[in-house]
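Q: Residue-level listing of the chains:
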Amino acid sequence: MTDDLLTATMTVADHELDDPAVHTAARAVIDDLASIPRSLTPPRRQGRRAVAAAAAVVALAAGIAGYALTAGGSSKTELRETAVSAGGPGQAAPPAPADVCRQVTAWLEADLAAADPAGTDQDRDVGRARAALALAQLEGLRDLALDAGDEGLARRIEVFMATAQSGDRLATEASASEGFGGDACA
Amino acid sequence: MADIYPSMRHPHLPAERHDRLVALFEAHHVAVLGYLARRSATPEQAADAFSDVFLVAWRRLDAVPAAPRDARLWLYGVARHTLANARRAHRRNDRLVARLAATLPRSAFVAPAVEPTALGQVRAALARLPDDDAELLRLVGWEGLGPSEAAAVLDLGPETTRSRLHRARARLRSLLDPTPEEVR
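The listed protein sequences derive, respectively, from chains A and B.
Under our numbering, the first sequence is numbered contiguously, ending at residue 1085.
Under our numbering, the second sequence is numbered contiguously, ending at residue 1557.
These are computed hints drawn from the structure, not numbers from a lab.
Fair warning: this is a prediction, and the values are worked out from it, not measured in the lab.
One or more hints might be untrue.
[Unchecked claim] Computed Cβ-Cβ distance ranges for the label pairs, DEER-style: (1) Gly1048(A) with Gln1494(B): 47 to 53 angstroms; (2) Glu1038(A) with Ala1491(B): 46 to 52 angstroms; (3) Glu1050(A) with Asp1435(B): 24 to 30 angstroms; (4) His1539(B) with Asp1049(A): 30 to 36 angstroms.
Note that CB positions come from ideal geometry on N, CA and C, so glycine has one too.
Kindly produce the complete structure, drawing on both the sequences and the hints.
A: Take a look at the structure:
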């Protein structure tokens, strides 16, 4: 009786989704996933760390944004304006892989592991501010890639960001090397 | 298996892994989509979660059980965690995911403006149960799983699941048909 009532509350049955259009679209998603190098996917077990690290970065970014923006980096808006300017009115230029690579390097230098136990509170805040800046810049690069229609690059940047936020330095270095060309920043 | 999607072959994905991923997809994508669609507020959320579930499956392909039934339960477990995390996740600006969302029957995600009173009461009662109990009842009622199969999805012991299922059913019944004391 109870199970019958529960079954009746189903909004959609499996057989309703067994449709050629759904199959084709779902298959395209799987096709796309398989094009991402395995080392670029964030380890599932690090999900909690990633969420905690990202939350810390966002919270700190709100408070230290002033420092971050005067620390030598470009804001997301500036990045976009520069790219639009380079590509002409209304034309966003895709980020060059070298730009992404440099940003990856900046991220690694900032590193969420800036929470060095031996460092001072101020050191940690500076490190986190730099990490927040790197995150914002990566988001800007991702948006530029999307605007330019380079979804492949945008997706690689997203996957890299997720990997970096996990705080796994080795995985991040592997991600940067495999996804963005290693030393090809020049 | 005929490879009708040769572009799926990628240098980073050995042929054996590729074939396994395709087989997993072909065998279970409808069930996984169904699971997600029944628990998602929008087609976009279901499509995004679908992508995440198979991303986990691809990355952890070696951990996916070989037996088809066990593999499906494993995927349900991943789907459950994926939905739990969905509120925290950024929705991907992904053309392919958007295209999948567009193919899903939108009507399935929108509660009818007027629905039979009994169904509305069941939904309201389910919402009042603890999340794990409600999910256990849904796995049995919606996915048609037995207690031991639901136990695998929820990562619980079979006996624990049976007793929890018994209590959840009793609690749901009492919510649907409260005694005078409970009404007061």
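Q: Under the constraints set out in the numbered hints, which ones does this structure not fulfil?
A: Of the numbered hints, just 4 does not hold.
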